[in-house]
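Based on the sequences and whatever the hints tell you, model everything.
Those sequence lines, one after another, are chains B and X.
Mapped onto this note's numbering, the consecutive letters of the first sequence carry residue numbers 1297 to 1778.
Mapped onto this note's numbering, the consecutive letters of the second sequence carry residue numbers 14 to 452.
Any given hint might turn out to be false.
Said to hold, decoys possible - Quick list of the computed label-pair ranges, beta carbon to beta carbon: (1) Ser36/X / Glu1575/B: 39 to 45 Å; (2) Lys50/X / Leu1360/B: 19 to 25 Å; (3) Arg43/X / His1458/B: 50 to 56 Å; (4) Met1444/B / Asp48/X: 17 to 23 Å; (5) Glu1324/B / Lys50/X: 42 to 48 Å; (6) Lys1371/B / Ser36/X: 28 to 34 Å; (7) Ser1366/B / Pro213/X: 43 to 49 Å; (8) Glu52/X / Ile1375/B: 20 to 26 Å; (9) Tyr1730/B / Lys344/X: 19 to 25 Å; (10) Asn389/X / Arg1456/B: 35 to 41 Å; (11) Val1374/B / Arg32/X: 36 to 42 Å; (12) Arg43/X / Lys1767/B: 49 to 55 Å; (13) Ile1375/B / Arg43/X: 25 to 31 Å; (14) Gly144/X / Leu1353/B: 38 to 44 Å.
Hints in this document: simulated from the structure, not taken from any laboratory.
From the three backbone atoms N, C-alpha and C, an ideal C-beta is built for every residue, glycine too.
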Amino acid sequence: MEKDQDKVLNEVTSGEYKYGFVTDIETEVIPKGLTEDVVRLISAKKEEPEWMLEFRLKAFRHWLTMKMPSWAHLKIPVIDFQDIIYYAAPVQKKGPDSLSDVDPELLKTFDKLGIPLEEQKHLTGVAVDAVMDSISVKTTFRETLAEMGIIFCSFSEAVREHPTLVQKYLASVVPYTDNFFATLNSAVFSDGSFCYIPKGVRCPMELSTYFRINTLNTGQFERTLLIADEESYVSYLEGCTAPMRDENQLHAAVVEIVAERGAEVKYSTVQNWYPGDKEGKGGIFNFVTKRGICKGDDSKISWTQVETGSAVTWKYPSCILRGNNSTGEFYSVAVTNNYQQADTGTKMIHIGRNTKSTIVSKGISAGFGQNSYRGLVKVLGKAAGARNFSQCDSLLLGDKCGAHTFPYIEVDNPTAIVEHEATTSRIGEDQIFYCNQRGISTEDAIGLIVNGYAREVINKLPMEFAVEAQKLLQISLEGSVG
Amino acid sequence: MFDTGRDTFLKDSPEIFNRYRKSAFDDFLRLGIPDRKNEAYKYTNLEKFLNHKYDDYFFPRPEDFREAERFHCEVEDLDVWNMVLLNGFFPNGDKGLVMLPGGIWVGSMRYAVKQFPALVEKHYNRYIEDGSDGLIPLNTALASDGLFIYAPKNTVYTKPIQIVNLLHSDKDIFVQDRNLVVVEEGAQLSLLSCDHAISPQRFLTNTITEVYVGRNARFEIIRVQNQHNNSGKITHTFIHQERDSYASSNNISLHGGLVRNATWHHLGGENSETHSYGLFLADKEQHIANFVKVDHTAPNCNSTQLFKGVLDDNSSGAFNGRIMVHKDAQKTNAYQSNNNIILSETARMDTKPQLEIYADDVKCSHGATVGQLDENALFYLRSRGIDAREARLMLMFGFAHEVIQNIPIEALRERIDDLVHKRLRGELSRCASCAVQCN
Chain B
1297 MEKDQDKVLN
1307 EVTSGEYKYG
1317 FVTDIETEVI
1327 PKGLTEDVVR
1337 LISAKKEEPE
1347 WMLEFRLKAF
1357 RHWLTMKMPS
1367 WAHLKIPVID
1377 FQDIIYYAAP
1387 VQKKGPDSLS
1397 DVDPELLKTF
1407 DKLGIPLEEQ
1417 KHLTGVAVDA
1427 VMDSISVKTT
1437 FRETLAEMGI
1447 IFCSFSEAVR
1457 EHPTLVQKYL
1467 ASVVPYTDNF
1477 FATLNSAVFS
1487 DGSFCYIPKG
1497 VRCPMELSTY
1507 FRINTLNTGQ
1517 FERTLLIADE
1527 ESYVSYLEGC
1537 TAPMRDENQL
1547 HAAVVEIVAE
1557 RGAEVKYSTV
1567 QNWYPGDKEG
1577 KGGIFNFVTK
1587 RGICKGDDSK
1597 ISWTQVETGS
1607 AVTWKYPSCI
1617 LRGNNSTGEF
1627 YSVAVTNNYQ
1637 QADTGTKMIH
1647 IGRNTKSTIV
1657 SKGISAGFGQ
1667 NSYRGLVKVL
1677 GKAAGARNFS
1687 QCDSLLLGDK
1697 CGAHTFPYIE
1707 VDNPTAIVEH
1717 EATTSRIGED
1727 QIFYCNQRGI
1737 STEDAIGLIV
1747 NGYAREVINK
1757 LPMEFAVEAQ
1767 KLLQISLEGS
1777 VG
Chain X
14 MFDTGRDTFL
24 KDSPEIFNRY
34 RKSAFDDFLR
44 LGIPDRKNEA
54 YKYTNLEKFL
64 NHKYDDYFFP
74 RPEDFREAER
84 FHCEVEDLDV
94 WNMVLLNGFF
104 PNGDKGLVML
114 PGGIWVGSMR
124 YAVKQFPALV
134 EKHYNRYIED
144 GSDGLIPLNT
154 ALASDGLFIY
164 APKNTVYTKP
174 IQIVNLLHSD
184 KDIFVQDRNL
194 VVVEEGAQLS
204 LLSCDHAISP
214 QRFLTNTITE
224 VYVGRNARFE
234 IIRVQNQHNN
244 SGKITHTFIH
254 QERDSYASSN
264 NISLHGGLVR
274 NATWHHLGGE
284 NSETHSYGLF
294 LADKEQHIAN
304 FVKVDHTAPN
314 CNSTQLFKGV
324 LDDNSSGAFN
334 GRIMVHKDAQ
344 KTNAYQSNNN
354 IILSETARMD
364 TKPQLEIYAD
374 DVKCSHGATV
384 GQLDENALFY
394 LRSRGIDARE
404 ARLMLMFGFA
414 HEVIQNIPIE
424 ALRERIDDLV
434 HKRLRGELSR
444 CASCAVQCN
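As structure tokens, then:
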């Protein structure tokens, strides 16, 4: 019993980034740099049809005209986009039909990360699409899901096998001209997950994508497309890790969600990219564009995110509430420790009548971390009866960090009710004293209080993730006390 | 205009004004007039007012001053010391710079530079922030007169000082006035600034007011803005506070085609306190914007911001507030609130309340709402036999009163209450002596 306790304590307080190892595996990489030829090469490597290549080239040409945005409250060193490898893939035999075809080294990697790719070992009933560097390694439970008509596969497979669906929905929520990073992604995206839930189907298990950056100097550009047809339901999880390196690595993903009439999509992220070391060296630059559209009436999209990793996070999962009575939700916990910076939040665009949105954002800054909430609530003229409630709290641990709130509220309809509230404070000395008095060390007390503070958001996560997220919170804040 | 009018400027203006002109004009040329790409003007479109061709205007004619003297403020029981400025200029003559009982000096900047050169030197153009707003250097480049108030150490004047800014001309004009208020250690000052346009021409005012509040000093400013719909009013107020000081600012915008009040509160000394209040009632095509920045650079300071708006017809409103707490400003207590009521289908409100915090031992909170009157409260009143219209008025009046009650001068408070009441009832809200039938 005592031993167990010690083990837990050790685990909780070890404080180091657990996933920082590198897998030694044969990887096929293309030369550094980004030119039209590279875009063509990526497309060729993936044996893509002509329309896909056209899409990429259109995006690439547009990207050349764009500049990296600088409005975020972030200090980002100049990124040399020619010094990045845009495609890296673990070498494996063509098309792994069964698990035995997958490189055992890869399996070991994902095992080590706690992502079992062997279906029979699965207790939790989570279907996983595992993405390493630029390509999808293995998607589990595909057959089981296919029986219900659910398509869950890697993006490349979807392009080959379901071109009409992909063509219909690709870039329908995030157009290739959307922003600097989304455009870059549109030009060079390598893989990602594709998911289609047919009419009236309630997806029986959690779908999940696990992203892993392995190769040095690569950028990861994945693209996820999630389509929930009428009256369907799906819960989707996303996790990510990367090795510890002194160089910054770039991750620019795009996630698009389409919810048709009556559909409900729950999208959860536990983002744990390598955050850099205590001096702020290394770490992932995480520039992600995530957007969902509630296309039909009565649809619902819910974003939940726990952001503990990355050196720089730039991420605004958004909802376009077009259908009448549709609902958008955003729950977020963002932790910045050491020299991490996060500028994250959401956009809720109310277009349809009686649309509702809820925003709960909890920021925690420690060390030299800078944490900003940036959100937009926009009510258009036709969105009668729109309702929004936003709450953004910030917790400061230490006197060298910063917490900022930049909400934008634009209301163009008299029947809309929009509320925003935010507080910034530190943990009360009385709260810590109360815990100390009861024999709880200051360190543990802070963990306790932080977890309680973030509970409202963590409760929204699927159970397996919630446990993980709680541990992560504690680890991320390790060493920030005193 | 700058080049053609240069000689007139340089001849008539104080030396210190001229010294900053050239570089300020270069800054203006570089920055240009702020457009909607400028974050602070994201929701305010100045085009309609700035693209108009205004006539050159250097100094009012004597007959204009005579016209202006006929104006009198009609607020009952308002016991103030009163002075009238015309188009940003002081009338020539004995009122150029006067000392009030108690030792406070009030008058024209032109005279102040002669009488207090060292003081003006020390404070002029010292408290300006925001390097991205081209209208600020434009004022520095073009202004040639304005209000000067100097409260020397430990002076107290019990009555408020009322400044009536009249706009009267037979041409369309662009007014650039430049004010400086220095409240030295232990002094107390209350300033009431009323804006009226008494002729129907198009006016645009671009005002800068710099305020220095010394140790343990107290400063209050109340602005009542009541101009016609053809006039634009842009104010920039910079309040710099030293240790143990107190400052408050009230912006009551009742009327005006375009109003933008920008107020910077800089808490530069420990244990100081600052309050920023604002109320606006907008209808027709009016646009009323409030920009506030409270900058906490010293520990143990308190600040509050309370801004409320009622929007009707095609009007639009904007609020852009920021609390900034610097690294060393521990034990800061800051609050910011913005509430708005939209009454019509086509009115629009954009609000941007922001917190930027670099110190940990602070209590900062903000809230913003855009909505309608509370249905439950309406029902409560109606169930007690109050008709729907009256019930709505009561609630709106209560909504507005939360800001009005912070006005430190009682007679004025009653007057504003009255004006707001009338305005909400749809009756004329301007002062009766207003010559312009703008409604």
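Hint by hint, here is what the structure shows:
1. Checked against the hint of 39 to 45 Å, the C-beta distance between Ser36/X and Glu1575/B comes to roughly 41 Å, which is consistent with it.
2. For the hinted restraint 19 to 25 Å between Lys50/X and Leu1360/B, the CB-CB distance of approximately 22 Å keeps it satisfied.
3. Judged by the Cβ atoms, the range 50 to 56 Å given for Arg43/X and His1458/B holds: they are separated by roughly 54 Å.
4. Checking the proposed 17 to 23 Å range against Met1444/B and Asp48/X shows it is violated: the Cβ atoms sit about 54 Å from each other.
5. Between Glu1324/B and Lys50/X the Cβ separation comes to about 44 Å, which falls inside the hinted range of 42 to 48 Å.
6. With their beta carbons about 30 Å apart, Lys1371/B and Ser36/X fall inside the hinted range of 28 to 34 Å.
7. The hinted window of 43 to 49 Å between Ser1366/B and Pro213/X holds, with their beta carbons roughly 45 Å apart.
8. Taken as a hint, the range 20 to 26 Å holds for the pair Glu52/X and Ile1375/B, whose Cβ atoms sit roughly 23 Å apart.
9. Taking 19 to 25 Å as the suggested C-beta distance range, the pair Tyr1730/B and Lys344/X conforms, at roughly 22 Å.
10. Distance hint check for Asn389/X and Arg1456/B: the Cβ-Cβ separation is about 58 Å, which falls outside the suggested range of 35 to 41 Å.
11. The hint said 36 to 42 Å for the Cβ distance between Val1374/B and Arg32/X, and at roughly 39 Å that hint holds.
12. The supplied range of 49 to 55 Å is met by Arg43/X and Lys1767/B, whose beta-carbon atoms lie about 53 Å from each other.
13. Roughly 28 Å separates the CB atoms of Ile1375/B and Arg43/X, a value that falls within the hinted 25 to 31 Å.
14. Between Gly144/X and Leu1353/B the Cβ separation comes to about 41 Å, which falls inside the hinted range of 38 to 44 Å.
Against the hints set out earlier in the document, violations occur for numbers 4 and 10.
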